[in-house]
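Colleague: Sequence order for the protein chains is A, B and C. Under our numbering, the first residue of the first sequence carries the number 171, and numbering increases by one thereafter. Under our numbering, the first residue of the second sequence carries the number 13, and numbering increases by one thereafter. Under our numbering, the first residue of the third sequence carries the number 18, and numbering increases by one thereafter.
Among the clues, some could well be false.
Unchecked claim - FRET-style restraints, in silico, Cβ to Cβ: (1) C:Gly303 / A:Pro401: 33 to 41 Å; (2) C:Gln270 / A:Pro401: 48 to 56 Å; (3) A:Pro276 / C:Gly269: 42 to 50 Å; (4) A:Leu204 / C:His87: 50 to 58 Å; (5) A:Arg318 / C:Pro236: 47 to 55 Å; (6) C:Gly269 / A:Leu204: 34 to 42 Å; (7) C:Pro236 / A:Gly356: 34 to 42 Å; (8) B:Gly25 / C:Gln270: 55 to 63 Å; (9) B:Arg188 / C:Leu310: 43 to 51 Å; (10) A:Gly356 / B:Thr102: 55 to 63 Å; (11) C:Glu210 / A:Trp233: 47 to 55 Å; (12) B:Ser143 / C:Pro91: 51 to 59 Å.
Unchecked claim - Just a sample of chain C residues kept apart from chain A, beta carbon distances all over 12 Å, derived: (13) Ile96; (14) Gly178; (15) Glu210; (16) Thr273.
Hints listed in this document are in silico derivations from the structure and should not be mistaken for laboratory results. Every residue gets a Cβ at the ideal spot worked out from N, C-alpha and C, and that includes glycine.
Take a look at the letters that make up each chain.
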Amino acid sequence: MASPRPNSAATVALPAPRRARLGSRGTGGLGKGLLGIYLSALVLLPIAALVAKADTGGLSTFWREVSKPESVAAIKLTLIVSAIVVAINAVFGTIVAWVLVRDEFPGKKIVGALIDLPFALPTIVAGVVLLALYGKNSPIGVDVAFTRAAVGLALLFVTLPFVVRSVQPVLLELDTSMEEAAASLGAGPRTVLWRIVLPTLTPAIVSGVALSFARAIGEFGSLVLITGNLPFKTEAGSVYIFSQIQNENLPAAAAVSVFLLACALIVLAALNLLVRWRSRHVL
Amino acid sequence: MAIEVRNVNKNFGDFVALDDVSMTVSDGALTALLGPSGSGKSTLLRIIAGLETPDTGQVVIDGEDVTSAPARNRGVGFVFQHYAPFKHMTVHDNVGFGLSVRKRPKDEIGERVNELLGLVRLDGLAGRYPSQLSGGQLQRMALARALAVQPQVLLLDEPFGALDAQVRAELREWLRRLHEEIHVTTIFVTHDQEEAMEVAEQIVVMNHGRIEQAGAPRALYESPSNEFVMSFIGPVNRLGDAYVRPHDIELLEDSDGTGTEALVERVVHLGFEVRVELKLDDGREIWAQVTREQAQQLELKEGQIVAVRLPVPRVFEGESPAAASGASAT
Amino acid sequence: MSSSGGSEAVALPARQSRRATRRGSAGTGAKAGLAPSRAGRLGLRFVALGYLALLLGAPLVMIFYRTFEHGLSPVWNSITAPNAMHAFWLSLEIVAIAVPLNTVFGIAAAIWLERGRMRGRGLLGLLIDLPFAISPVVVGLALVLVYGRTGWFGDWLAEHGISVIFSVPGMVLATAVVSLPFVVRETMPVLRELGTDAEQAAETLGASPWQTFWRVTLPGIRWGVVYGVVLTTARALGEFGAVSIVSGRIEGQTQTLPLYVQDRFENFDTTGAYTAAVVLALLALGTLLAMNLLTRRAHRRRSH
Chain A
171 MASPRPNSAA TVALPAPRRA RLGSRGTGGL GKGLLGIYLS ALVLLPIAAL
221 VAKADTGGLS TFWREVSKPE SVAAIKLTLI VSAIVVAINA VFGTIVAWVL
271 VRDEFPGKKI VGALIDLPFA LPTIVAGVVL LALYGKNSPI GVDVAFTRAA
321 VGLALLFVTL PFVVRSVQPV LLELDTSMEE AAASLGAGPR TVLWRIVLPT
371 LTPAIVSGVA LSFARAIGEF GSLVLITGNL PFKTEAGSVY IFSQIQNENL
421 PAAAAVSVFL LACALIVLAA LNLLVRWRSR HVL
Chain B
13 MAIEVRNVNK NFGDFVALDD VSMTVSDGAL TALLGPSGSG KSTLLRIIAG
63 LETPDTGQVV IDGEDVTSAP ARNRGVGFVF QHYAPFKHMT VHDNVGFGLS
113 VRKRPKDEIG ERVNELLGLV RLDGLAGRYP SQLSGGQLQR MALARALAVQ
163 PQVLLLDEPF GALDAQVRAE LREWLRRLHE EIHVTTIFVT HDQEEAMEVA
213 EQIVVMNHGR IEQAGAPRAL YESPSNEFVM SFIGPVNRLG DAYVRPHDIE
263 LLEDSDGTGT EALVERVVHL GFEVRVELKL DDGREIWAQV TREQAQQLEL
313 KEGQIVAVRL PVPRVFEGES PAAASGASAT
Chain C
18 MSSSGGSEAV ALPARQSRRA TRRGSAGTGA KAGLAPSRAG RLGLRFVALG
68 YLALLLGAPL VMIFYRTFEH GLSPVWNSIT APNAMHAFWL SLEIVAIAVP
118 LNTVFGIAAA IWLERGRMRG RGLLGLLIDL PFAISPVVVG LALVLVYGRT
168 GWFGDWLAEH GISVIFSVPG MVLATAVVSL PFVVRETMPV LRELGTDAEQ
218 AAETLGASPW QTFWRVTLPG IRWGVVYGVV LTTARALGEF GAVSIVSGRI
268 EGQTQTLPLY VQDRFENFDT TGAYTAAVVL ALLALGTLLA MNLLTRRAHR
318 RRSH
């Protein structure tokens, strides 16, 4: 068995250059080039073009577009409703997560799977689905179509999974002995909740809230049908951007886009920092 | 095939993994790379295999410089510490993988796989998946897989590290016999000196990225070239700058003028051997290893005073292996 | 948002949702913990289920009811309407192009991010995640600004007779952008878990990098990739905002199924809108089912 292999010796002395590790070699130089082109064509160039467009007339033009009354109304509506929606998400999302982890009832698995439905459902369908129950001819007599409440309802629907899905795994791993220890030390259920459970869940809740907020700011499909898109009343930021594009007013669309995008990124970054800061100081 | 490593250096960032390492392994030898964790032994093995590239230096297999050859062209069989099974393949496909990527005909592969599974005593398990095998079986499958391509050199990284004590002992014995059977040049990495002593024909002791000493197990034990080798291979007592093996310490009933007196602090019976912890009259503490018979003869018990005859202790000058290499004599 | 793992705090929806669902179905039942009183527990259950019923369950049931309330034949007519069929096939066509592109890209990018050693990987990861943080409308706008008539490449594309915006290539592009991160993000953790040992073993056994990829790496990560593809497909089928902008919404030509839903609704053809919506909703439910099955399989494999 120690006999020389016919196919090995001949190929041994290849003057190979210093090699990178397997993975990066697999994609090679050509692969990396293609990867770069694909990513540039899909993300990098479009974003660059967007920022360039928003900046065409300099900062003053950008600001003028953003501070037009109709843009201000749309931006304000989006930011305020999004803030309310994520606050509701924080509360109900945590409760839903708690029930899914700690409670036991028939059909729990199905409920757990359905939580992801808003992720899987096309946004335009989300709007139609909500209208079927909460539009005109509502069988329960609740008609929110074309109101600001409709904006909130649609955003609640599409952002539902975020908080639930980020709190759930933390709650699953939360060591119940910590709660039992607190109880054995004389803490009542209320104290255990406020001093032990909620502080542990906070980073996950914040993280879910951040994602909800970013999604809510950019949401479009679910709002189109249910809100009626009435300027100064139910027209959200993304819908305003859409109408500016339809009117071929691309600088205005780009300016508001960049502004809202910046809001989303700032909130994401701020909450991220908050969570990190907190975990460094608490743990 | 003989393996030669010449002046190899390897750094990972600031960490010096290998510091000017040179060694030679002769054709057909069974060699152990022995050292504590972080000593660079695994890195050296991976460099020989071609899984890492040395910063400087050369690797020569069978007279050919393979330093820049990719692993797949080196004719090296490598057995990974955690076996690295292909989890989605059956045992048969795992073992046949090397032949199959060489596009050998199916029946040839089948024949060879069966032959190898017989050799590693896994016959009948060809259709199983790795998740259905025990640790020892996985180990043998990994070995068969490495042998399937008839490597010039077989490299094993901590081959028994993840196994429990009993399986470990069996596999050691079995690896030795396998090597006698197929005589492929073999290097294995271990941190267990007993394992190295038991299995290897030649041991290379490594520490801090350097080779401390290389030689036959007995030579290393009997004439270690420095204090690291002495204390890593076998138990040792340290008396100031000097080193004494516990079984070289003689205990006598009464001093005949040649020994010193010592107080027996503790007697531990470990089956055949008895470990005696002593306090010398100058306050230094050492331990001696005696047989059960000797202990009975001396009626050793705690608090007793015995006479101790120390052998001529070994003194190593300086720490570096270069300085110590000529000073192993007493 | 970065790939470095340091900023796990605010992670991605896809990654997070998967982790949660995996663990979610891992639990054999309720975790005991310190239970509030029985009344409290029932109260919380009531609140949670009531909230979900009002927001998710009832509207979903309602749309099925509304769709079928006048019997099957209007539904059948709506489904077989030429524009509906066209929209359906166009959606499939776009999915059939965009999803394979993103799959190949996603696997390559995941390997690059996970195994590569070059600098700038954090930035690359951020760039790949960006479509999750951007409104689909903004994605559409950004694409128009590059590939539209007045965009950066507008003149060049016009000279060469290539139309992107207001035609299928632009819609494929928009779909690919919004569904870009899924395969990358689902493949990376699986790749990490797989480790490099098996790949190195293949290498020492004589396999070329391609052979190693096809025979060891890809089979090792296949369920992660499949999961990513399921998510990509669901998103691609349902994308509305970005496609709406780049398509021009020409009836019977550049109208995908989600655009068709809007068109029918705005033209007061509620049965048509509901029917198309139900088709999409069924596909979404199918996606959920697939996600659950894959998650369960991943569990079984791990518990071996």
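Colleague: Are the hints correct? Go through all of them and say.
Modeller: Here is how each hint holds up against the structure:
{"no.": "1", "hint": "C:Gly303 / A:Pro401: 33 to 41 Å", "in the structure": "holds, 38 Å"}
{"no.": "2", "hint": "C:Gln270 / A:Pro401: 48 to 56 Å", "in the structure": "violated, 30 Å"}
{"no.": "3", "hint": "A:Pro276 / C:Gly269: 42 to 50 Å", "in the structure": "holds, 47 Å"}
{"no.": "4", "hint": "A:Leu204 / C:His87: 50 to 58 Å", "in the structure": "holds, 52 Å"}
{"no.": "5", "hint": "A:Arg318 / C:Pro236: 47 to 55 Å", "in the structure": "holds, 52 Å"}
{"no.": "6", "hint": "C:Gly269 / A:Leu204: 34 to 42 Å", "in the structure": "holds, 35 Å"}
{"no.": "7", "hint": "C:Pro236 / A:Gly356: 34 to 42 Å", "in the structure": "violated, 56 Å"}
{"no.": "8", "hint": "B:Gly25 / C:Gln270: 55 to 63 Å", "in the structure": "holds, 59 Å"}
{"no.": "9", "hint": "B:Arg188 / C:Leu310: 43 to 51 Å", "in the structure": "holds, 49 Å"}
{"no.": "10", "hint": "A:Gly356 / B:Thr102: 55 to 63 Å", "in the structure": "holds, 59 Å"}
{"no.": "11", "hint": "C:Glu210 / A:Trp233: 47 to 55 Å", "in the structure": "holds, 49 Å"}
{"no.": "12", "hint": "B:Ser143 / C:Pro91: 51 to 59 Å", "in the structure": "holds, 53 Å"}
{"no.": "13", "hint": "Ile96", "in the structure": "holds, 15 Å"}
{"no.": "14", "hint": "Gly178", "in the structure": "holds, 19 Å"}
{"no.": "15", "hint": "Glu210", "in the structure": "holds, 14 Å"}
{"no.": "16", "hint": "Thr273", "in the structure": "violated, 10 Å"}
Checked against the numbered hints given earlier, the structure breaks hints 2, 7 and 16 and satisfies all the rest.
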